[in-house]
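So the protein lines, in turn, are chains P and E.
For the first sequence, this note's numbering gives the first residue as 725, with consecutive numbering after it.
For the second sequence, this note's numbering gives the first residue as 725, with consecutive numbering after it.
Everything labelled a hint here was simulated from the structure, so no lab data went into it.
Everything numeric in this text was worked out from a predicted model, so none of it was measured.
Watch out, some of these pointers could steer you wrong.
Since the list gives no way to pick one copy over another, a pair counts as held whenever it fits inside one copy or between any two copies.
To be verified - Calculated lysine to any residue pairs in the SDA-like style (CA-CA distance at most 20 angstroms, straight line):
1) K836 to F885
2) K976 to T737
3) K864 to T822
4) K1005 to R824
5) K1002 to T966
6) K864 to L753
7) K776 to E1036
8) K1037 to N929
9) K791 to T1015
10) K1023 to Q1038
11) K836 to S821
12) K864 to Y1046
There are 2 protein chains.
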Amino acid sequence: MSNNTLSITNLYTHISDDLLAMEEKLRSLADTSLMTGPLRALVDHITTSEGKRLRPALTLLSSRFSKCDSHKPILMATAVELLHMATLIHDDTVDNSTLRRGKATVDNLWGKNAAVLIGDYLFATSATFVCDTENIHVIKRFSQTISELSLGELAELFSAFEINQTMTDYENRIYNKTASLFYTATQSGAILSGADTTTITALSNYGLNIGMAFQILDDILDYEGTAEEFGKPVGNDLLQGTVTLPVLLMAKHSPQSVEKLKLFEEVGRTDRIAEFIKSIKDSSVLDESYTVAWNYIDKALADISQLPAQREKQDLADLANYLKQRKFK
Amino acid sequence: MSNNTLSITNLYTHISDDLLAMEEKLRSLADTSLMTGPLRALVDHITTSEGKRLRPALTLLSSRFSKCDSHKPILMATAVELLHMATLIHDDTVDNSTLRRGKATVDNLWGKNAAVLIGDYLFATSATFVCDTENIHVIKRFSQTISELSLGELAELFSAFEINQTMTDYENRIYNKTASLFYTATQSGAILSGADTTTITALSNYGLNIGMAFQILDDILDYEGTAEEFGKPVGNDLLQGTVTLPVLLMAKHSPQSVEKLKLFEEVGRTDRIAEFIKSIKDSSVLDESYTVAWNYIDKALADISQLPAQREKQDLADLANYLKQRKFK
């Protein structure tokens, strides 16, 4: 498959039945007797959102390196997607975002309070799906992941407009906020399929590195994307004071320009932000950021290189290469 | 012990060492390398709050009907209190409360965003403590409880100012919102101590009934208490449009007065609310509400009547009777 024709849905053909079973599970959440009136409409809105389903796909693909019934991987894939949805809802609430994937956010439609509580409900529901796998290691890892996700978000909030961050601070933050769940997604798929230790380690590391790359590319898109392709406003990170890789690299090149970031907090922002984004784009900072992301992708490819040559291995490799395309999207 | 001298701390003397160990675990959350600067101050603020520690006490007392090492019950007690703290923080955020237990709320001091995220972190951390018990039944029940808690809160939000609720709607709601965690608190203590099935059932039912009584008494206090003894404003439920037992009973006596509740949503509230509270106080509604609560307390006492006569049984009975005192507080 050439890079030009890569599309994310092409990567899902070998797991399409399992993904469909996961969608069914998601949609069934709105179909219980507990969900009536506006609450049902809210759960419907969430579970029919057009997500990329990237994380559950990673769980399902990772479960294919050992022969097993797909029941537990499907439970896990559902949990992983629900947890992702829960974090998106709370993130949008914290960020005051009005759009997500081009649709109005829960916060926007039902208000902050409903968003907080439905996020809690999805966190809890994701955990009950994981509990149904009855695998104590996977259950522990999952609760650890929820903890890491919220720590990542807390660190982001409490380090807003703080320009004296190190690269390690940034890496820890994006591991917690994003890569932790990718790591859990692939690891749990492998464990629940009964894979051997070498395979579990390879897939866990692949997930971790893909997750790191994914977040860095997302951070770059905040400078390069347009609101249409992104489904949310551009420059959002700067508005929130979130210091990401491009800012850290810019701080090396031009400490003076980054010092201004502090001012965003206090004075009229929009024109200053546009000016800062332009200075980033005019520099080599975004190319350097891509290099960092691509190094993680290359590591992910190396992680799975020793896995048996089967179609799901190719899918995982294609997925890694697909991420590289995001630059040209 | 006569009713006049009952104080909640007297009920904790036989489990004071275990409660102290729990407090240590709570406080250690602020002492990790992850917690720096304002985040550490936030976690410190939460974990040193002067809570009644009622739920963890129930777990610890329930673990004393079978000989066991107290390690797992202490883990569980910590988890139960952390989960309770997490729900309080999110509830205060949803309710825009500024005071809790007489102290400023997290929302008030650090803002809504920090409150949402630290609540998530405590949810997750509570789950990791439960996972450390490695008891799959307890872990499943705990995640079910988080789900029920958030469903209870969602039901409350989505049924605000809705006066056509049934008593069953109310009972389901207070089970989810409050009694579910009491049930889990006693049940998990019994299970983790290795108690037999009869003991587990007795203590589970005791917890459930105490929880129902506790919430009803709390709902009554919203009409009877003062801000000082309550640690939060009086009439708060009415301000939020939350329909509780006194309103449901008032609807039977005087449908007309309750119809006015709908108006609270639209027009200047304070004087109308004061008027409505007065009409509730002038009726027999609060006495009837106490009767409902006390029936649950009597059921709880019956639940544990067959347990062996040991000091922790007396403590649980005293605790039930202590709740009755809240009227005269």
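Hint check against the structure, violated hint numbers in rising order: Violated hints (numbers, rising): 2, 3, 4, 9, 12; every other hint is consistent with the structure.
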